[in-house]
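Mind docking chain S on chain B? Use the hints.
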Amino acid sequence: MFGSVKRKFFVNRASEYSFIIPAALFMLGFIVYPIIYNFVLSVNDIGLDFFSKKQYNFVGLKNYTDLWFNSDKRLSTSIINTAVFTFFSIIFTILISFSLALYLGRNTRISRFSRAMLVIAYIIPQTITALMFKYMFAQDGGIINYILLSFGVVDAPVGWLLKGGTAMTAIIATNVWISVPFNMLLFVAGLTTVDPEYIEAAMIDGAGWWRRLFSITIPCISETIKIVLTLGLIHTFKVFDLVYVITNGGPGNSTEMLSILSYRLSFSQNQYDDGAAVSNVLFIILMMVGFFYIKILNTKGNR
Amino acid sequence: MRKKLFGFSYCLGAFIILFIYIFPLYWLFANSLKTNVEIFKNPPTLWPIQPIVENYIAIFNSEFSNVYQSFGNSLYIAVYTTIFTIALALPAAYALATFKIKFGQLFILIFIIGQMLSQTVKLVPLFMIFRSMNLINTFASVIISICTFTVPFAILIMRPFFLAIPSEINESAKMDGCNIYTAFIRVILPISYPSVVVVAVFTFLLGWGDLVYPLTFLTDFRKRPMIANISSYVTEFSTSWNLLLAFAVVSIVPVVVIFFLMQKYIVGGLTLGSVKG
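Taken in sequence, the protein lines are chains B and S.
Taking my numbering, the leading residue of the first sequence gets 1, the next gets one more, and so forth.
Taking my numbering, the leading residue of the second sequence gets 1, the next gets one more, and so forth.
With the rest of the complex left out, here is chain B (with noise of 0.2 Å):
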C-alpha cells in the first residue's frame, strides 16, 4: 500500500516534469553548453586547422591580451564603438519615445491608429529597415540629403557613409528609428499606471505642466524607465544586422562593434578563438547590463 501511493506520487511528479524536460534539454544543449563552451575556445588556440586535428591547445588568457595588446587596437576600438553607439542610440530614443508617449498616449481613435502604424516599423525585418536607410543616406540622389539640401541645412550633399562619424551618425539614427516604436508603447503603458488624481491635485495647486511631469509624471513611471534603459541597453549593445548591412563595420573600422568584430574574426578570418574571445567581453557585459534587469523583475513579481 505505501508503495503504490509512492509510485503514484512519483507517476504524479514524473508527468509533471514531462512538461519542461523537452525545453529544459534543448536549454542546456543549445544556450547553457555554447556559452561555457565559447569560454573554452576563447581560452584555446583554435584556426581553420581545428577541424581536421580536433585538438584544443591551452592558451589561458593569451587570445585576450593579444586582441588588447595588438597595435591594431580593434578591440577596445569596437568597445569605444559600440559604448558610444549605444550611448546616443538609447538617450536619443527614450527622449523621442517619452515624447511621442505623452503625445499619442491618448485613448482617441488618431491616436491609437497613429501607435499601431508605428509597430510595423518595428517589425519589419532590421535587414531590410537597414538596406532602405543605406539607399536613403546614399550621397547622391539619397533622399536624406535632397530634403536636407532643399531646407539649407547643409550646403553640400553629405557623403554619410564615407566618414566614420557621420557613418556612426547614421547607424544611431536608423537604430533611433527603430526602437521608438517598442520603447513609446512600453511608456504608453506605463504611463496609463499614473493615477490621475495625482494630476488634477497637483493642477488645482497651480503646477505648470512641466512642473507636472517633472515632479508626477516621472517619478511615478520610475520602473518604466529602468526596463526601457536596461531593455535598451541589452538591444542595442548586442546591435548586428543593422550594422553588418549599412556599413559592415566601415570605413575602415570606425563602426565596428563587438559582435561584428566577433564574427568578422571567427567567419572572415578563421580566427574562431579571437572570435570567442571577444564575444564572451560581450556576453560578460551583456550579464552585467542583465543583473539589473533580472533585480527589476524580481521586484516587480514580489510585490
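Treat each hint with caution, since some may be false.
One side only, chain B facing chain S, incomplete, derived with CB under 7 Å [to be verified]:
id	residue
1	Ala14
2	Ser15
3	Pro22
4	Asn38
5	Ile110
6	Val119
7	Asp140
8	Gly141
9	Asp241
10	Val245
11	Ser262
Only pairs whose alpha carbons sit at most 25 Å apart, straight line, appear in this in silico SDA-like list of lysine to any residue [claimed, not checked]:
id	chain 1	residue 1	chain 2	residue 2
12	B	Lys295	B	Val194
13	S	Lys100	B	Pro22
14	B	Lys226	S	Phe107
Pairwise CB distance ranges (calculated) [to be verified]:
id	chain 1	residue 1	chain 2	residue 2	range
15	B	Gly29	S	Asp220	23 to 31 Å
16	B	Ser222	S	Phe19	26 to 34 Å
17	B	Lys295	S	Ser232	34 to 42 Å
Keep in mind the hints are simulated off the structure, nothing from the lab.
Yeah, the Cβ is synthetic: ideal placement off N, Cα and C, and Gly gets one too.
Same frame as chain B, but now just chain S:
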C-alpha cells in the same frame, strides 16, 4: 472653436509622426518601380515618372536571385521555428506556472538570460557544434539556433498567461476525469489560445527576419532565406539597387500581410514579455 483648432493641430502632429514612419516604406516601394537610372536621379522623383514592373519580372526570372527558392526557404525556416518553439515552450511555460518544479526559479533565470543573450555570443560555439554534427548547410542548424532565443521569449510571454488561469479550472478538469495531459490539451490550450497566437506571430516574424544564423550556417546560396540573401546582395552587388529594392519588397510582403491581419495581437503583445516579469 479653440477645441476644434486644437484637435486639428493634434492630428497634424500625429500625421507628421506617421509620415516619418511610413515614408521609408513608401520610398522602398516607390523606388522598386523605377529604373536604376531614375533611382539615383537628382532631384529624386516622389513617384516614378513611368512606373515599371521590370525589376520584379527580372528578379523572378533570374536564376541568380532565386526568389522562389529563397522565399520558400524563408517560409520553411519560419514555419518550423514556430512549430518547434510552441511545442517546446508551451508545456514548459505551463509547468513553470502551475506545478511546483524543482529549480523552477533557476529555469526562469536561464530563460531570461537566453532571451537577453546576443546571437553573436552563441555564434562561434554553435558553429563548432553544428560542424561536428554535420549540420552546416541544413535548415535544422538555423531552426535550432533561432529557437535558442524564441523558446525563452515564448516561455516568458506565456508563463504570466498561465499564472492568470485560476487553479479551479485545473481542479475541475481533474474531477471530470482528465489526466494531466488531457487537461492541458482539452482545457488549458483552448482558453490560452490568444497567448499562443501572440507567440506564434512573433516567432514567425523572428524566424523570417533572422539574419546572422542563416548567413553563417548556410553557405549555399540556394539554401539561404531571403533576408540572408539580400544582405549579401547589398554588400556584393550594390550597383543594381532597382533589383535589390524589388527583392526587399518581396521579402517583406508576408510581414506586412501578417501585420495587418494580426494587428490586434501584435500591438497588444509587443510589450508583454518585458513588462510582466
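Any of the earlier hints contradicted here, and which numbers? Number 1 only.
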